[in-house]
Amino acid sequence: MSLRMVSHSTNTNLIYAGFSLFNFRDEVFLFGQKGWPKRSCSTGIFLLHLKGHIFKLKAVSFSPDSCYLPPLRCPAVTHYSDPSESNSLFYLIHGGRDPNSELSNLLYSMMVHSSTGNKRTLLCCIEKNLKGDVPQGRYGHSLNVIQNKGQTLGILFGGRSYRPPGQRTTENWNSVVDCSPEVFLIDINTGHCTSHLIPEIDAGFSFHVSIAKNDTVYILGGHSIENNHRPSRLLSLKVDLLGVSSSVKCTIFNSGIAVSSGIVTQASSDEFIIVGGYESESQKRMVCNTIILEDDNIQILEREPPEWSNDIKASKTWFGSNMGNSAVLIGIPGESKQNTTDANFFYIVNFGQLEEESQVSASQESFTDPEECSTLEDSEEFTFEVEAEGSDDAENLDNGDEEGYWIKCSPTCNVNVNIWVPYYSTEFNKPAMIFCSSGGDDGHWVHAQCMDLTESQLIQFSQENTKYFCKEHHIDRGIQTPQNKKQIKRTPIKSPRKKSPATLKRTPMKKSFLKRLFD
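Numbering (the working numbering), first residue to last: 63 to 581.
FYI, nobody ran anything at the bench for these hints, they're computed from the structure.
Certain hints may be false.
Derived lysine-lysine pairs resembling DSBU-like cross-links, with alpha carbons at most 35 Å apart [claimed, not checked]:
{"no.": "1", "residue 1": "Lys118", "residue 2": "Lys492"}
{"no.": "2", "residue 1": "Lys118", "residue 2": "Lys211"}
{"no.": "3", "residue 1": "Lys346", "residue 2": "Lys113"}
{"no.": "4", "residue 1": "Lys378", "residue 2": "Lys346"}
{"no.": "5", "residue 1": "Lys492", "residue 2": "Lys190"}
{"no.": "6", "residue 1": "Lys529", "residue 2": "Lys118"}
Simulated restraints, written as ranges between beta carbons of each label pair [stated by the list, open to error]:
{"no.": "7", "residue 1": "Leu363", "residue 2": "Ile314", "range": "17 to 25 Å"}
{"no.": "8", "residue 1": "Phe497", "residue 2": "Arg87", "range": "38 to 46 Å"}
{"no.": "9", "residue 1": "Ser330", "residue 2": "Asp358", "range": "16 to 24 Å"}
{"no.": "10", "residue 1": "Asp127", "residue 2": "Leu65", "range": "18 to 26 Å"}
{"no.": "11", "residue 1": "Lys492", "residue 2": "Glu288", "range": "19 to 27 Å"}
By construction, the Cβ of each residue, glycine as well, lies at the ideal position given by its N, Cα and C atoms.
Between the sequences and the hints, there should be enough to build the whole structure, so can you do that?
Following this line, the structure appears as structure tokens:
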């Protein structure tokens, strides 16, 4: 067990309370940053590249058939292996809050599409079509997976949502309530959902810890927003898949722990570790617990925590997520440190290497409810560093020869078929292009965005019958971009030389003759 601080080389405002981490083939991916993602990484997924004590965020590409995945904070996240597809690892993402504080009710499935070793990993994200008793949009809930006889079932429970439409007024429009205590069974293959009310629980709760094994889901802790209570109880939700229709049996034990927003990481096939969270509204939970699952029994043991740093002890809040391989990423607000402008500081808690893979799935939770943090700034843009490992020419090749839209139009071209999103309001499926007349009839097409054209310029050039020359060809004719044209030194035009009127040159002899003539 170890605790080490990691520094960063990118803007840590991207990593904010409520984020999630995915572990594909020992590569950790960040999801759920604050604010809408920039166009250069439209899905908001970043590779968390850790080297020593320094980590960087690298943009991730998606396959062409992937759907758009908005940045979501505090969704329900879990993973499972599919034996029918060579035990491929899948992550399920449900719900969460987007940067506009809207609550999602969609279910996404994410997997690795292809990988080129240490160069680049291509992901694939598919939206699942839910039907039946579809759960409403929520956050702070849990999602687990159980598999039996070829059937893959998702168990969704808890969470918070906005008040029902009939109860929302101007004063409480953005106030949230805990969802009703019901369990949703989701058939991952067909998307069919069924809801099951739990009469043993009289009120809902959120930000709990959930662990699944075989046909049972264990739920620990949680927080009730109605009475600000963290019950120290343990729920056992046993799913019966053998009957005509699936059913859920709930058993309540008083041997649980009072914790909310804790993180669970897997240490072995039957051992899990809970770290962090809160034991009260103003008190972080500094102790750790080991959860051991054997057959139908569960043991909760207290575990020695790491040697927390003084900064972590002094911080009022913390947040984080499971990195996989028995490691957890923890962040604390930068304001807890003196004389610093950094938004957050990060630590990695490592409980040891995972010895064997398991079919047991655990729901990932983030430490802090976004309601406890500062409000979102929807217009805030973030910068991040993209490392160039290998050549990206393969991603810029012509995709089906669609009129050259996906070519590399210039050395600085940044249009990529995998991450491109509309830049101009006139674009729908392809980037806008403009023809460069350099070379007479042998001109070439360039992307309007790569040429730094504004939308008004693009519309103007399309309406005029004027030859256009891209900024790669510095020709002093036609129209170029950018608009700072080469200044041509011009000499002022001189007026044509005019003949002066003829004057009579008077010599002394002529003067005397004229004087005598007039006298």
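Right, here's what the structure says about each hint:
1. Lys118 with Lys492: holds (31 Å)
2. Lys118 with Lys211: violated (42 Å)
3. Lys346 with Lys113: Holds - the C-alpha atoms of Lys113 and Lys346 are around 30 Å apart, at most 35 Å.
4. Lys378 with Lys346: With Cα atoms ~7 Å apart, Lys378 and Lys346 stay inside 35 Å; holds.
5. Lys492 with Lys190: Holds: Lys492 and Lys190 sit about 26 Å apart, inside 35 Å.
6. Lys529 with Lys118: violated (44 Å)
7. Leu363 with Ile314: 17 to 25 Å: Check passed, 20 Å falls within 17 to 25 Å.
8. Phe497 with Arg87: 38 to 46 Å: Since Phe497 and Arg87 have Cβ atoms about 44 Å apart, the given range 38 to 46 Å holds.
9. Ser330 with Asp358: 16 to 24 Å: holds (18 Å)
10. Asp127 with Leu65: 18 to 26 Å: The hinted range 18 to 26 Å is violated for Asp127 and Leu65, with Cβ atoms some 41 Å apart.
11. Lys492 with Glu288: 19 to 27 Å: violated (51 Å)
Hints 2, 6, 10, 11 from the list above are not met by this structure, while the remaining hints are.
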